[in-house]
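The task is simple: from the sequences and hints, build the whole structure.
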Amino acid sequence: MLTIDTQIENTHHILTPSGEIDASNSVQLDESIRHLSESGARSILVDGTHIDYISSAGLGVFMSYLEDFQEKGVSLKIFGLKPRVYEVFQILGLDQLISIFPDKESALAQ
Amino acid sequence: MIKLPSVHIGRLSLLLSILIWLSLLFVDLVRLFGEINNLNSGIAPAVTWTLEILFFLSVYSFYTRNFQQNANNEFLNLIWRSASTGIFASATFLIIQLFYLFLGDSNLAEEPFLKNFFYHVHFALITVFLISTTLLWKKLILYQKTKKVVQQWQTFEIGLLVAMFFVYFTQDTFGYSFIFAFVILMILGGFLSVNLKWIPYLTYKEKWKSLLFLSVILLTSIYLFLQANALSGERQIYPINLLDNLFLIALYVFVFIYSLFSFLVTLFNLPTSSVFEQKLTEAINFQRLSQSIQPEENEENVLDILLDSSMSASFADGAWLEMYQSEKNESITQVRWIEKEELPELSDTLESSQAAQEWASSQKADTLEPFSLKVKKGKYQSLLLVPLVINKSVIGRMVLCKEIKDGFNKEMINIISTFARQASIAVENHRLLNQAIENERYQEELKIAQRVQKALLPDRLDHHSSFEICAYSNAADEVGGDYYDTFQQAEDRYVLIIGDVSGKGTSAAFHMAQMKGVFQSLIQLNLSPGEFMIRSNAALSKCLERNHFITASVFEINTSQKLIRYARAGHVPTLYFNAKSQKATYLESGGLGLGILRNMQYEKHVDQKEFTYHEGDVMVLFTDGIIEAKNQKAMQFGFERARSLLEINHSLTPKEIQAMLIDTLHNFVGGNGLIDDDYSMMVVKFT
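Chains as they are written, first to last, in this note's numbering: chain B, 1 to 110; chain Y, 1 to 687.
It is worth saying that the hints were derived from the structure and are not from the lab. The beta-carbon is built from N, C-alpha and C at its ideal position, and this holds for glycine as well. One or more hints might be untrue.
[To be verified] Think about it this way: if two alpha-carbon atoms lie no more than 27 Å apart in a straight line, the pair counts; the simulated DSS-like pairs of lysine-lysine are:
#, chain 1, residue 1, chain 2, residue 2
1, Y, Lys-562, B, Lys-82
2, B, Lys-72, Y, Lys-604
3, Y, Lys-609, Y, Lys-562
[Unchecked claim] Pulled a few chain Y residues facing chain B out of the computed Cβ check, cut under 7 Å:
#, residue
4, Ser-502
5, Gly-503
6, Thr-506
7, Arg-546
8, Asn-547
9, Gly-570
10, Gly-591
11, Leu-592
12, Ile-596
[Stated by the list, open to error] Among the chain B residues that face chain Y by a calculated CB cut under 10 Å, a handful are:
#, residue
13, Ser-18
14, Asp-22
15, Ala-23
16, Leu-59
17, Gly-60
18, Ser-64
19, Glu-67
20, Asp-68
21, Phe-69
22, Ile-91
23, Gly-93
24, Leu-94
25, Gln-96
Now the structure itself:
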């Protein structure tokens, strides 16, 4: 089960997925991000506090926007990941490519 | 055992009846001769009576056999047989009368022997007509028989049998006892005569025919009766009365009553016959619709039957049927009796009718009933919209048109909506069946894919005296995205690879095949693990979908230097047991999954490391399916569990370590718990 909530705070679009992100619902996450990007969001923050699990298909979604966002100058930040979920990002090496922060404050500070 | 074929018994009884009739004739003529010449022939009347009874019985048995063998049991055919016998008997009577008319006053006309001969011919014909007709009526009466009717018939037959012997008891025709016995038989016959269940099953045309045949039977039986009566009047010529027999009279009255009843009931059934026929057609149509569609047939056949049945049930003047395709653009599949030019106009009428639109947009498809619509102008004044509903969604509609106002009554709508429901079920079954067949085919295809993919994994691993190796792979679906392989680059140099495509299933399997191709060709270049990853990334970036990536670990084992060089591309860290320190740890290194960065930037993230191995060291390469496997409490198998398991069991052989890890994994996940990802492992032990 995955539910995705989006909020706008100042100039930041905050995306809050809750539940498990796997092959069956990664399309949902992909759509939410594409929607934000197409609607002209410049700063996207993903609140990872409610992500219980992310599979390689879920990681693939974040990965697929890396180049696109870099070209457009859109900033993508993830914060509040649970240790086990962060570990998955780390093993794959995505932590080197996406800015990952322990909490919302530090994410907004940068 | 002597077996007499039944055909012979039939013929035997025919022969027997002819012989008995001849001996009856002979006996009576001898008696007549005696009376004329005033000689006592010494033949008692009882001899004649006995022969008469024997004649009855033999004719009865002949016809019983004859009708049993004759399979054609159609009602009309039965009635016709009786009528034709009657016509034959009457015609013979007429010819004999004409013969006498022709003789005029000649001596031959008064010849008693000739008269007696014809009297016996009359007797035989009347007996044959009455017995055969009675047996035919028996078939009609016992149509859709109940136990009670069968018992009644048997009682009647016994009564008739007894009646044959009545003549021994008293010769006083129409005496009290005679009338008493006759009344009892007639009450039984009357009870039987109300069994007319066959009549409604005749079609309108058949009813007219049966009326004709029945009137023939009635007329001939009246004629035969009058003739017999006239003959009985001339008692002085005929020394013994054969016709005033209780059996014959009872049969005669029974045949007459049943024919009369049948005639009247058929006559009064004529006006309602069309309704019964209609209902019968509906029942047959319903049955045709209920039969599920055979695989070689298609939906059109069912819709065809539906449209025809509905039109005949409602006497519609025109109709069409449209099935909705997935994108709501209607396609008209069947049109009946409506001109092509009229169709758009009628459709427009429906479109412009608010009530029809409301009906069509109703949300509750499963409770949608046929909808009757009045049209003010145009050829058709009433329309009936019938929905075809499958699985709570409307898949099409049938429109029936009639040229009269309020043309559809409740009964019609009921039967038509039943037809529509039945047809929908048939269509649904057909679609499900097709789906099942298709699924079956996909399953077959997947099995082939599975076989092909199994062949992509090595069936034997390269090994050397300085290490033992074994590997295992399992896919969550039929096919998976995990890959492992070994290569021998030189006498003392081996490369081990393990890889995992993001996602699972068919797309992962295709990428896995690409990964194998890339790895197999790059391995020929004798690259270092780091360089290998850079080249792999470049190659795979060109062929992987944008949101797919591959993680891999590459180990190069140099057996002469006892050196291991490795690089990790986002893959699960490899577990390594160090025999010296007796500790298992995960090999730390940086690295990024293949296909994530698709430019030269990737090189920055490659992190190649090396170390020397020792005897007793164990290396376990696996994919994330093992680490991420969850039990019922949503707990992951985890790195720590795998690590401590190796630490405890390091002394086992690689095969045993592998079996131990897989067993523990399955126990952890639980009895029926399925591991939702592909998982693979390769275990190497240095010696």
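*Holds or violated: Ser-18/B as interface residue toward chain Y, Cβ cutoff 10 Å?*
Violated: closest Cβ of chain Y sits about 15 Å from Ser-18/B, beyond 10 Å.
_Does Gly-60/B hold up as a contact with chain Y if the rule is Cβ-Cβ below 10 Å?_
OK, holds: Gly-60/B within 10 Å of chain Y, min 4 Å.
*Would you settle whether the hint for Asp-68/B is holds or violated, based on the nearest Cβ-Cβ distance to chain Y being less than 10 Å?*
With a minimum Cβ separation of about 9 Å from chain Y (threshold 10 Å), the hint on Asp-68/B holds.
*asked:* So, as I understand it, the hint says Ile-596/Y touches chain B; can you test that by seeing if any CB pair is closer than 7 Å?
replied: holds (5 Å)
_Next item in the hint list is Ser-64/B. Is there a CB on chain Y closer than 10 Å to its CB?_
Status holds, d = 4 Å.
*Tell me if Leu-592/Y is really an interface residue toward chain B, meaning its C-beta lies closer than 7 Å to one of theirs.*
With a closest approach of 3 Å, the Leu-592/Y hint holds.
_Restraint satisfaction for Ser-502/Y [CB to CB of chain B, less than 7 Å]_ = Interface hint status for Ser-502/Y: holds (4 Å vs cutoff 7 Å).
*Should the hint that Ala-23/B touches chain Y count as held when the rule is a Cβ pair under 10 Å?*
Cβ of Ala-23/B sits 5 Å from chain Y, so the hint holds.
*Hint validity - Gly-591/Y Cβ closer than 7 Å to any chain B Cβ*: holds (6 Å)
_Restraint check for Lys-72/B with Lys-604/Y, where alpha carbons must lie at most 27 Å apart_ = This hinted pair holds, its Cα atoms lying about 23 Å apart.
*Measuring from the C-beta of Asp-22/B to each C-beta in chain Y, is the shortest one below 10 Å?*
This interface hint holds because 8 Å falls under the 10 Å limit.
*Is the hint on Phe-69/B kept, meaning its closest Cβ partner in chain Y is under 10 Å away?*
Cβ of Phe-69/B sits 13 Å from chain Y, so the hint is violated.
Of the numbered hints given earlier, the model fails hints 1, 6, 13 and 21; all others are met.
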